[in-house]
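Visitor: In order, the protein sequence lines correspond to chains A and B. For the first sequence, my numbering gives the first residue as 25, with consecutive numbering after it. For the second sequence, my numbering gives the first residue as 7, with consecutive numbering after it.
Please keep in mind that the hints were generated in silico from the structure rather than gathered at the bench. Check the hints yourself; a few may be wrong.
Not close to chain A: a few residues of chain B, all C-beta gaps over 12 angstroms, as computed [unchecked claim]:
| hint | residue |
| --- | --- |
| 1 | Asn214 |
| 2 | Leu293 |
| 3 | Leu477 |
| 4 | Asp549 |
| 5 | Gly567 |
| 6 | Arg586 |
| 7 | Asp590 |
| 8 | Glu808 |
Have a look at the derived ranges for each label pair, beta carbon to beta carbon [what the hints assert, rightly or not]:
| hint | chain 1 | residue 1 | chain 2 | residue 2 | range |
| --- | --- | --- | --- | --- | --- |
| 9 | A | Asn91 | B | Lys444 | 23 to 33 angstroms |
| 10 | A | His90 | B | Asp311 | 39 to 49 angstroms |
| 11 | B | Met599 | A | Lys71 | 11 to 21 angstroms |
Source: prediction; values computed, not measured. For glycine and all other residues, C-beta sits at the position ideal for the given N, C-alpha and C.
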Amino acid sequence: MTWIAIGTIADIPRRGARCVATPHGKIAVFRTADDEVFAIEDHCPHKGGPLSQGIVHGAAVTCPLHNWVISLETGKALGADEGAVRTIPVKREGERLFLALEALASRAA
Amino acid sequence: MTEKLVIIGNGMAPGRMLEHLLDKAPDRYQVTIFNAEPRVNYDRIMLSPVLSGEKAYEEIIIHGDGWYIKHGITLYKGHKIVAIDRAAKTVTSDHGVTEPYDKLVIATGSVPFIIPVPGNNLPGVLTYRDLDDVRAMMLAAQSRAKAVVIGGGLLGLEAAAGLQAQGMDVTVLHVMPTLMERQLDPAAGYLLQRAVEERGIKVITKANTQAITGNGKVEQVELADGTIIPATLVVMAVGIRPNAALAKEAGVAVNRGIVVDAGMRSNDPDIFALGECAEVNGMVYGLVAPLYEMARVAASQLAGDEAAAFVHSDTPTKLKVTGIELFSLGDFADGDDRQEIVLRDASAGVYKRLVLKDDRIIGTVLYGETADGAWFNDLKKKQTDISEMRDTLIFGQSYQGGAPLDPMAAVAALPDDAEICGCNGVCKGKITGAITSKGLTSLDDVRAHTKASASCGSCTGLVEKLMVLTLGDTYNPAAVQPMCSCTTLGHDEVRRLIKAKGLKTIPAVMQELEWKTSCGCAKCRPALNYYLVCDWPDEYADDYQSRFINERVHANIQKDGTYSVVPRMWGGVTSASELRAIADVVDKFEIPMVKVTGGQRIDMLGIRKEDLPAVWADLGQAGFVSGHAYAKGLRTVKTCVGSDWCRFGTQDSTGLGIRIEKFMWGSWTPAKVKMAVSGCPRNCAEATCKDVGVICVDSGYEIHFAGAAGLDIKGTEVLGLVKTEDEALEHIVALTQMYREQARYLERIYKWAKRVGIAEIKRQIMDDGEKRRAYYDRFVFSQKFAQVDPWSERASGKDKHEFRPMASVGFAEAAE
Ligand code: SRM
Ligand SMILES: Cc1cc2nc3c(=O)[nH]c(=O)nc-3n(C[C@H](O)[C@H](O)[C@H](O)COP(=O)(O)OP(=O)(O)OC[C@H]3O[C@@H](n4cnc5c(N)ncnc54)[C@H](O)[C@@H]3O)c2cc1C
Ligand code: SF4
Ligand code: FES
Chain A
25 MTWIAIGTIA DIPRRGARCV ATPHGKIAVF RTADDEVFAI EDHCPHKGGP
75 LSQGIVHGAA VTCPLHNWVI SLETGKALGA DEGAVRTIPV KREGERLFLA
125 LEALASRAA
Chain B
7 MTEKLVIIGN GMAPGRMLEH LLDKAPDRYQ VTIFNAEPRV NYDRIMLSPV
57 LSGEKAYEEI IIHGDGWYIK HGITLYKGHK IVAIDRAAKT VTSDHGVTEP
107 YDKLVIATGS VPFIIPVPGN NLPGVLTYRD LDDVRAMMLA AQSRAKAVVI
157 GGGLLGLEAA AGLQAQGMDV TVLHVMPTLM ERQLDPAAGY LLQRAVEERG
207 IKVITKANTQ AITGNGKVEQ VELADGTIIP ATLVVMAVGI RPNAALAKEA
257 GVAVNRGIVV DAGMRSNDPD IFALGECAEV NGMVYGLVAP LYEMARVAAS
307 QLAGDEAAAF VHSDTPTKLK VTGIELFSLG DFADGDDRQE IVLRDASAGV
357 YKRLVLKDDR IIGTVLYGET ADGAWFNDLK KKQTDISEMR DTLIFGQSYQ
407 GGAPLDPMAA VAALPDDAEI CGCNGVCKGK ITGAITSKGL TSLDDVRAHT
457 KASASCGSCT GLVEKLMVLT LGDTYNPAAV QPMCSCTTLG HDEVRRLIKA
507 KGLKTIPAVM QELEWKTSCG CAKCRPALNY YLVCDWPDEY ADDYQSRFIN
557 ERVHANIQKD GTYSVVPRMW GGVTSASELR AIADVVDKFE IPMVKVTGGQ
607 RIDMLGIRKE DLPAVWADLG QAGFVSGHAY AKGLRTVKTC VGSDWCRFGT
657 QDSTGLGIRI EKFMWGSWTP AKVKMAVSGC PRNCAEATCK DVGVICVDSG
707 YEIHFAGAAG LDIKGTEVLG LVKTEDEALE HIVALTQMYR EQARYLERIY
757 KWAKRVGIAE IKRQIMDDGE KRRAYYDRFV FSQKFAQVDP WSERASGKDK
807 HEFRPMASVG FAEAAE
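Here chain A stands alone, though its shape is the one from the complex (with noise of 0.2 angstroms):
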């Protein structure tokens, strides 16, 4: 397992969230108000909408385009809906946050 680091908690507001650039498209960390820290793919299984713009709420974030609730620790659609986006690994020590490189790699694939 391969960690790359991305940057601190203190990157990232309280119940919101930091986009990371990959080749394969854009990953979105979130940092929820009791400071977990999650990582899914910044597409919403509806229509593709950037999840990381959405309101953070509780450990899920409300997709901004047409209000999907995603939750953070599994990536799937809560309520009614459903779709689920890949969720990758993150890991937190001290403040420093990485991301498991697999996870990104094999998105591709």
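For this one, chain A is given, so just place chain B with the ligands on it according to the hints.
Guide: Only chain B with the ligands this time, still in chain A's reference frame:
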């Protein structure tokens, strides 16, 4: 093995039948429905509130698309069945779909009757039956011209009231001497006519329509006595005929309607009919209550219960025109064997009449006060001997047995089997039973579980009283929809408590008001953020994470994740240097689309998020600030050229528009606010469909408000006339502040105004100088904190994390 059930028509009757059938025998049939109307099952009786603008179509849907999917029902929308082959047991639609059936249900409803006069097929002549008719009427109403409604019955009067609410000048033609003569006696018909006329609708009785004329479209209606009435829209509401032609062609027995036995079965044992197209025991029906009874019977029969049988009962008629209370039941004709009891109270506009035979009620007409309708209905249904209470009967239930009771006690005194909801035949015991056994606490729950008050809604008051009686103080009849599932409180309550408890942060609100979730959701957080911004302008720190992305990055997100940028062009006025600056920005950032908006300014679309700060920096250099095209806030102030240029202009409308926009920009509001100023009543700036509009006239400024032209179309209401520009500004600002302080988040001015009342707003803003000034001052104070250009802030570095990725992972690393 499942049998194939095919239903022709997807109206209210078969919809109800399916609900019962899914209850009783969920897996017995594979169901296919053909509906000539291209839509799902909706509440036809609520078309009038849609026409008047009180409801949206979405609110009257009974079964949404999901319901059909969930129950595995195939619905062919917009497919009209053109043939039934009884030998082959198939039906065929006009699009060529042929479907076999084991059992067939015909529920084709009625067709409106068209009076056979010349010109009855001219464009502009409509009937009143379905959503398409309503949409056509609403479209015609936009011209605000003249409408003639032929027919002064239930449907005709509802159409007239709706068209009038849409701003049309309406005349009702009725062939009989009094309105609704089939449901009302002449005295009540007269009172009704007066009430209708008081609303500004003209009524002509004994009007015999002879012809409808016009050149290529309706222009006028001619009566037999020579009267000519100009009209651009004619609505015929003169009655309905059971729609039985299809059945007849197939050789099913048809008299007035499709003849069925008490089990709703036609002469072909595999074919049932129900709804308005069916004739049972020689009767056809045109109100939903008996149709729902048919639905119950048909479902039972289809589920195998051969004993289920339809029983006739009279249904009360009510008119769904806000402000007119009317109740009619049974037979009220005079006769030697009948006596009547009448009560008139002219000053209160009340008229009541009971028709008795052998000491039993056989008919009731109530006008102006209808609370006792349910009780009279109950006495009639049970054939109660009323001789004991004859003297006080007409005064209603509360007068029986001594001292008058309050209305609550009257409801408490109703027997358990008293019918509360006439549309759905729900009695008191069923409602109170469901409340206790299922633990229902809201009106919506009661509607969902019992169907009571779920159709025309005229018994809502009674149902709420029952809820109070059953639940005691825990039920607050005024209780509104909670803001979202994070709380039980409604918007108004939350707004009140924020002020009363001095709550100044989102966590404080959530803690003190016992939010059910830890950090809210995408519905409540933006609302709370707005309420706090509005109430504590100097103390509250705006929570950007609780704003929708557009308001967080001050641009509009597009479907591909890029953004659009709309700078302010004050009052729609621009200059060569502004246009040049825009052109330069477009070139420099390779902006793919430049468009003139409907709001008199320019939109640049397709900008990458990363480029936004740089785009704003360049625009800022040229003097542009954010146009807030993304904001629940002040959007545009459209203007016309006014007295500076136009030969008709009475005042400087452009100047006033610019002044208003410069004064009010940056303010956050519950929903977007759009304004316009026109220089004369020709109204080229379209001020009369805006949230706030001004029409300049010679004597000053006519201030309008509560218009809309988006999801709903609604002409404005007049707030009042003021003499000077200063006054105009003060009134507009005060009105906006009143709205800011009172409205629910996402509620446009016209919806708020409808809720609090136009008269109340006029009273506070026009008549109460002190209140107006106080509102004005509070707005001015809050602007001190709001009028900061968000673009220049961000161009100089604020929130820069928003516009850049946190990191970039290169190819080399990723490919390893
Ligand atoms: C750009 C523009 C269309 C155009 O090319 O002309 C436009 C574009 C959008 N309108 Fe509009 N509306 C535009 C004028 C209007 C008008 C006409 C007017 O203002 O005179 C109306 C009808 C008037 C009214 O509001 O009553 C209008 C009624 C709506 C509505 C319906 C609002 C309602 O409550 O009925 C929405 C939906 C909403 O706000 O929820 C909407 C929403 C939108 C959104 C914001 C959709 C969205 O949420 O992404 C569009 C943003 C596109 C973008 O990124 O620029 N737009 N929109 C116009 C911008 C005006 C401006 O300069 O700011
Ligand atoms: C404006 C208005 C207000 C009303 N107000 C009240 C009220 O306050 N109280 C009350 O009790 N009643 C009221 N009614 C009457 C009530 O709406 C009707 O009695 C009821 O909707 C009839 O139901 P139905 O299922 O028999 O027929 P409908 O609801 O008329 O449904 C028949 C459906 O069958 C479709 N259809 C017809 N022929 C075919 C075919 N060949 N193939 C496929 N589909 C076909 C039609 O398109 C239609 O959608 C009102 C009616 C209107 C129009
Ligand atoms: S009408 Fe308005 S919301 Fe609809 S597509 Fe056009 S711009 Fe978008
Ligand atoms: S793209 Fe996310 S909800 Fe539609």
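Visitor: Now, for every hint given, state plainly whether the structure supports it.
Guide: Here's how the hints hold up against the structure:
Every beta carbon of chain A lies more than 12 angstroms from that of asparagine 214/B, the smallest distance being close to 55 angstroms; the non-interface claim holds. Every beta carbon of chain A lies more than 12 angstroms from that of leucine 293/B, the smallest distance being close to 35 angstroms; the non-interface claim holds. Non-interface status of leucine 477/B relative to chain A is upheld: no Cβ of that chain comes within 12 angstroms, the nearest being about 29 angstroms off. Residue-level check failed: aspartate 549/B sits 9 angstroms from the nearest beta carbon of chain A, not beyond 12 angstroms.
With a cut of 12 angstroms on Cβ distances, glycine 567/B falls inside the contact zone with chain A, its closest approach being about 5 angstroms. Distance check on arginine 586/B: its Cβ is at least 32 angstroms (rounded) from any Cβ of chain A, clearing the 12 angstroms threshold; non-interface status holds. For aspartate 590/B, the non-interface assignment is confirmed: its Cβ lies about 28 angstroms from the closest Cβ of chain A, beyond the 12 angstroms cut-off. Taking the minimum C-beta to C-beta distance to chain A, about 9 angstroms, the non-interface status of glutamate 808/B is violated against the 12 angstroms cut.
As the Cβ distance of asparagine 91/A to lysine 444/B is approximately 30 angstroms, the hint placing it in 23 to 33 angstroms holds. Between histidine 90/A and aspartate 311/B the beta carbon distance is about 45 angstroms. The supplied range of 39 to 49 angstroms therefore holds. For methionine 599/B paired with lysine 71/A, a C-beta distance near 20 angstroms keeps the hint of 11 to 21 angstroms intact.
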